[in-house]
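What follows is the residue order along each chain.
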Amino acid sequence: MIENPMLEKKVVISGVGRSDMGRRLRRDPWLLTAQAALAAIADAGLTPEDIDGLSTYPGASWSTPGITGAGVDDVKALLGIKTRWHTGGGELPGQLGSIVNATLAVAGGLCEHVLCFRTVWESTAQEQIGSRSETLRSVTTVREFDQWTKPFGAGYSTFGALTMQRYMHESGSTREQLAQIALTARANAASNPAAVYRSPMTMDDYMGARMISDPLCLYDCDTPMDGSVAIVISRADSARIDRKRAISFQAIGSATGLEASAEMMWGRTDLKPADVDLAELYDGFSILAVRWMEALSLCPRNEGGRFIEGGSRIAIGGELPISTGGGQLSGGRMHGYGALHQACRQLRGEAEGVQIEPRPQVAVVSSGAESFSSCLLLSR
Amino acid sequence: MERTAPPLTERTEGFWRSGADGVLRIARCQACGWRLQPPRPVCPKCRGMDIRFEPVSGDGVVHAWTINRYAWNPGMPPPYVLAHVELVEQPGLMLLSNIIGCAPEDVRVGMPVHVTFEQAGEAWIPVFSA
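As they're listed, the protein sequences go chains V and Z.
By the numbering used here, the letter at position 226 of the first sequence is numbered 324, and the numbering carries on one by one without gaps.
By the numbering used here, the letter at position 52 of the second sequence is numbered 200, and the numbering carries on one by one without gaps.
Everything labelled a hint here was simulated from the structure, so no lab data went into it.
Glycine is no exception: its CB is placed at the ideal position from the N, C-alpha and C atoms.
There could be a bad hint or two in this list.
Residues on chain V that point at chain Z, a partial pick, calculated with CB under 10 angstroms [stated by the list, open to error]:
1) Gln224
2) Ile227
3) Gln245
Residues of chain V clear of chain Z, computed beta-carbon distances all greater than 12 angstroms [stated by the list, open to error]:
4) Asp171
5) Gly178
6) Gly206
7) Met262
8) Arg341
9) Lys342
10) Gly365
11) Asp373
12) Asp375
13) Glu450
Same shape as in the complex, but just chain Z:
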């Protein structure tokens, strides 16, 4: 599977490079503790501007899922599962990602999943395994 690599920018590379050591890091406001995904330089809750990437457990649950049948990307032959994964650290902290490591039709809402990474260019793409 050949994924499209995301651009690495000052705003986002802390997220995309995080998986190099197998740990998922999410931007977090140092003033109020709110986690932001996608990462932004200002906290929408307290407007704090000290935002740093901090490790999370990598545990999440499937919020919604779909078996994609359409070849959006020539490097990613369908079918594959796309899902909104809610990270356990904060209600509503959601990543759009893929579910791997199980048959597509076995994915369920509420299923616990754990992060793993697949490399694309210089980025480490966080995907989730049952």
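Chain V extracted, bound-state conformation:
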């Protein structure tokens, strides 16, 4: 085991912010990025001149249209930020790998305040180009991976569907049980003005939804949106930040795979799964939230379906609230950054309309799927 140098104690989340968010905002993604960045910087009690580091996923270099609205160089030019360190890229341990990178740079003394950001404008990009499949076909970069999927007519949903089908086979869980991920997210989204889908959803709605790739239905898939979220990572001993509002890192997991990331995270803390008051789990497909729940030992392996059955355990007020802002299923696809933003709001007691009472002490946030994964254990 690697000795823990307590990286996590040297850094905090000092500020969070987000832009206007929604379907087809038809706004310049650089403007959205600036909105989120300035909000987060102000929330931290800082000015843009204080920011000396930038970190993002996936950066401006690779994407389907709309998947990345701004890269590091864009933000430097947009806000006149002078950096001592920066990074942006897609080959990270999950989308929140960009947060992990920032913690390393601050703890290592390269810089003091890193602005991390994630901007998407998929819904507007899709509208400009045409249908969603047309958007996906317009990708000019042929990745090594694509040659093993395209000849068979596979798409992103294929992998969510295969994961869900195999999970149901191994665990004996049912669609009615797993529906609670989508239903819980929608119920919570009703109280989140920034969420994309806020109208009530019933079990009948879920069971009657059209199949995308059996057993994955429409409501098991997250929804593209426009928006930007920014997070400021600062030195824990910085004199400039408001320590009372800062969020602490208890542990980071950045290993390859959900189980390995979770094991690494729990190995870096004395806290236990039973200490978790809130789980903002990656839900790009609903089954991923169940997979993360089990990987993080928040419920026993293959018991996820029975654990969430009926929904009371994972509702606000339950023993393990999830997706309190609507998740990505109903809140919109902010690629892990939405979950992190929501967890910070909950830990600070600032999640109006969906605040967990009493205010949660410990939250876990996860991002990614399969071998692309990371998780953070946070406390106030």
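With chain V fixed as given, assemble chain Z onto it according to the hints.
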């Protein structure tokens, strides 16, 4: 059905051209015998660099499956079945492929399947039949 042809490269053409004679060939390390899919020039187990395409039986079992309903490719009208097929030669040796020759809703986990090929450009796409 008009499939998207994969690019044929030095690394992969031994796999994609294999079906021309009706035989599936999978990259295999000549030092330790490990089979690699996708093919790569180095064995991840022993780091051996003598990797050659060798015939396999073409027998596999369905590990996971889904009925795709979405038109990802204009040449492939849905519905059709996508599956992870585990080849019998090595545990965990998995191909993402299609299951043909049966009604989509009749596919099951653990179902034995056998390879067959469909041509796309110069490539022979391995698919599996019940």
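Status of the hints after comparison with the structure:
1. Gln224: violated (14 angstroms)
2. Ile227: violated (15 angstroms)
3. Gln245: holds (4 angstroms)
4. Asp171: holds (31 angstroms)
5. Gly178: holds (43 angstroms)
6. Gly206: holds (31 angstroms)
7. Met262: The assertion about methionine 262 of chain V is violated, with a minimum of 8 angstroms to chain Z.
8. Arg341: holds (47 angstroms)
9. Lys342: holds (49 angstroms)
10. Gly365: holds (25 angstroms)
11. Asp373: Aspartate 373 of chain V clear of chain Z: closest Cβ-Cβ about 34 angstroms, beyond 12 angstroms.
12. Asp375: holds (34 angstroms)
13. Glu450: Holds: least Cβ distance 37 angstroms, greater than 12 angstroms.
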